[in-house]
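A.B. asks: The lines below spell out each chain.
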Amino acid sequence: MSIFKKILTAVRGGATEVGEAIVDANSTRIFEQEIRDAENHLTKAKRDLTEVMAKQMATAREVDRLKREIAEHEGYATQALSKGNEALALEVAEKIASLEAELAEQQTAHDQFIGNVERLKDLIKKSERQVSDYKRQLSMVKTTDSVQKATAAITDNFVSGNGKLLNAKDSLERIKAKQQAFDDKLNAAEQLEAESGDKSLEDKLKAAGIGAQESSANSILERLKNK
Amino acid sequence: MNIHNIAQYLNDLGDQASTGYKFDCQPIAGEVDVLQVTIEGREELPIFVSVTDDQILCITYLWGEEEVISEKRGEMLEAMLEMNIPMPLSSFAKVDNKYVVFGALTIHSSMDDIEHELVVLSDNAVDVIDDMCEYLS
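Protein sequences appear in the order of chains H and S.
Residue 162 in the numbering used here is what sits at position 162 of the first sequence, and the numbering runs on without skipping anything.
Residue 68 in the numbering used here is what sits at position 68 of the second sequence, and the numbering runs on without skipping anything.
Simulated from the structure, these hints should not be mistaken for lab results.
Keep in mind that the hints are not guaranteed to be accurate.
[Said to hold, decoys possible] Straight-line C-alpha distance at most 30 Å; calculated DSSO-like pairs for lysine-lysine:
| # | chain 1 | residue 1 | chain 2 | residue 2 |
| --- | --- | --- | --- | --- |
| 1 | H | Lys-126 | H | Lys-142 |
| 2 | H | Lys-5 | S | Lys-94 |
| 3 | H | Lys-142 | S | Lys-72 |
| 4 | H | Lys-178 | S | Lys-98 |
| 5 | H | Lys-5 | S | Lys-72 |
| 6 | S | Lys-94 | H | Lys-149 |
| 7 | S | Lys-94 | H | Lys-169 |
| 8 | S | Lys-98 | H | Lys-142 |
| 9 | H | Lys-178 | H | Lys-44 |
| 10 | S | Lys-72 | H | Lys-169 |
| 11 | H | Lys-6 | S | Lys-22 |
| 12 | H | Lys-135 | S | Lys-94 |
| 13 | S | Lys-22 | H | Lys-176 |
| 14 | H | Lys-46 | H | Lys-135 |
| 15 | S | Lys-98 | H | Lys-135 |
| 16 | H | Lys-125 | H | Lys-6 |
| 17 | H | Lys-126 | H | Lys-149 |
| 18 | H | Lys-185 | H | Lys-204 |
| 19 | S | Lys-22 | H | Lys-5 |
| 20 | H | Lys-149 | H | Lys-44 |
| 21 | H | Lys-178 | S | Lys-22 |
| 22 | H | Lys-6 | S | Lys-94 |
| 23 | S | Lys-72 | H | Lys-95 |
| 24 | H | Lys-149 | H | Lys-169 |
| 25 | H | Lys-178 | S | Lys-94 |
| 26 | H | Lys-176 | S | Lys-98 |
| 27 | H | Lys-126 | S | Lys-98 |
| 28 | H | Lys-185 | S | Lys-98 |
| 29 | S | Lys-98 | H | Lys-169 |
| 30 | S | Lys-22 | H | Lys-149 |
[Claimed, not checked] Quick look at which bits of chain H chain S covers, simulated, 3 or more residues with Cβ under 8 Å:
| # | segment |
| --- | --- |
| 31 | 69 to 77 |
| 32 | 138 to 148 |
| 33 | 151 to 157 |
Note that the Cβ used here is the ideal one computed from N, Cα and C, for glycine as well.
With the rest of the complex left out, here is chain H:
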């Protein structure tokens, strides 16, 4: 069963059996322990990976060294042969044989390390995905539990406070009425300020043509014409 189904079943079941914990606290603790164990394994796997990668690099260097040495000795053997020194050539050939045996050994080890690195990387990826999935599931279980408990606390609070969750429509009406009252108050204040302020009186005087008038180009022209 998926975690979603489990939670749904628990929540629906919980609605009929009040007081029963949605999630058994003990199983949550076990689950948390499992996550910690998995994380420890992951840390160890990462350390192992580092070690194996170091070994892989060491064998790669060794393989290179042996290949160079073999090529070098092949050169020596050819030179000995061209100088007619068969005995020396044979001795060099024996050295080459032992180097080749060592090379084969190192090559095998190197290939194994490459395989190990691949396997460990896959394992780490898989474990990381698993740990994050466990964490997600645990978070869902804990959130469900927390919401249930919070709801219980909220409900208790309303009951003890003699309060009651209002009907949605009534709530909206009240909120709108308060908003309207606030807006009305604001409008009234603005109006009051406009009416009682000096600005209002000046405006009225100006409109009535009383008091200092602004001189405009037109009024100046008019005055000049009248002279």
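Use these hints to put chain S onto chain H, whose structure you have.
C.D. replies: The following block gives chain S in isolation, referenced to the frame of chain H:
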């Protein structure tokens, strides 16, 4: 991060909130700490905030199942699903027999983020009830 830090921050804001709203916070005791946040002028729609290991949950109750006009229930649920994505930051849910809007924030959210979340949630709740009145008795 816990509900007491959040309460302290919101109460200290006073009239200085950048959002223009005034908050009042009351912690509710229980097995899980819950903070009841009310916004001035909207006392009827409190927001309940709880903090879990990795999330901050903000929930507002919308209406109860008993308020839904039964023959319009299917239509209402569909409208809620359709509105779920366009509605900023909040989502619909059902807790017991009550429909809710909620928002979840990471535990690493800033106080500014939480304040913003609460205001948007409150605005959403008012708008949703206004829009969904036709399905309610």
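A.B. asks: Hints first: check each against the structure and report whether it holds.
C.D. replies: Do the hints match the structure? See the list:
no., hint, result
1, H:Lys-126 / H:Lys-142, "24 Å, holds"
2, H:Lys-5 / S:Lys-94, "16 Å, holds"
3, H:Lys-142 / S:Lys-72, "34 Å, violated"
4, H:Lys-178 / S:Lys-98, "25 Å, holds"
5, H:Lys-5 / S:Lys-72, "27 Å, holds"
6, S:Lys-94 / H:Lys-149, "15 Å, holds"
7, S:Lys-94 / H:Lys-169, "18 Å, holds"
8, S:Lys-98 / H:Lys-142, "20 Å, holds"
9, H:Lys-178 / H:Lys-44, "63 Å, violated"
10, S:Lys-72 / H:Lys-169, "16 Å, holds"
11, H:Lys-6 / S:Lys-22, "41 Å, violated"
12, H:Lys-135 / S:Lys-94, "24 Å, holds"
13, S:Lys-22 / H:Lys-176, "17 Å, holds"
14, H:Lys-46 / H:Lys-135, "20 Å, holds"
15, S:Lys-98 / H:Lys-135, "28 Å, holds"
16, H:Lys-125 / H:Lys-6, "27 Å, holds"
17, H:Lys-126 / H:Lys-149, "35 Å, violated"
18, H:Lys-185 / H:Lys-204, "25 Å, holds"
19, S:Lys-22 / H:Lys-5, "41 Å, violated"
20, H:Lys-149 / H:Lys-44, "38 Å, violated"
21, H:Lys-178 / S:Lys-22, "14 Å, holds"
22, H:Lys-6 / S:Lys-94, "17 Å, holds"
23, S:Lys-72 / H:Lys-95, "93 Å, violated"
24, H:Lys-149 / H:Lys-169, "27 Å, holds"
25, H:Lys-178 / S:Lys-94, "28 Å, holds"
26, H:Lys-176 / S:Lys-98, "22 Å, holds"
27, H:Lys-126 / S:Lys-98, "40 Å, violated"
28, H:Lys-185 / S:Lys-98, "35 Å, violated"
29, S:Lys-98 / H:Lys-169, "14 Å, holds"
30, S:Lys-22 / H:Lys-149, "28 Å, holds"
31, 69 to 77, "violated (count 0)"
32, 138 to 148, "holds (count 5)"
33, 151 to 157, "holds (count 6)"
In the structure shown, a violation is registered for the earlier hints numbered 3, 9, 11, 17, 19, 20, 23, 27, 28 and 31, in ascending order.
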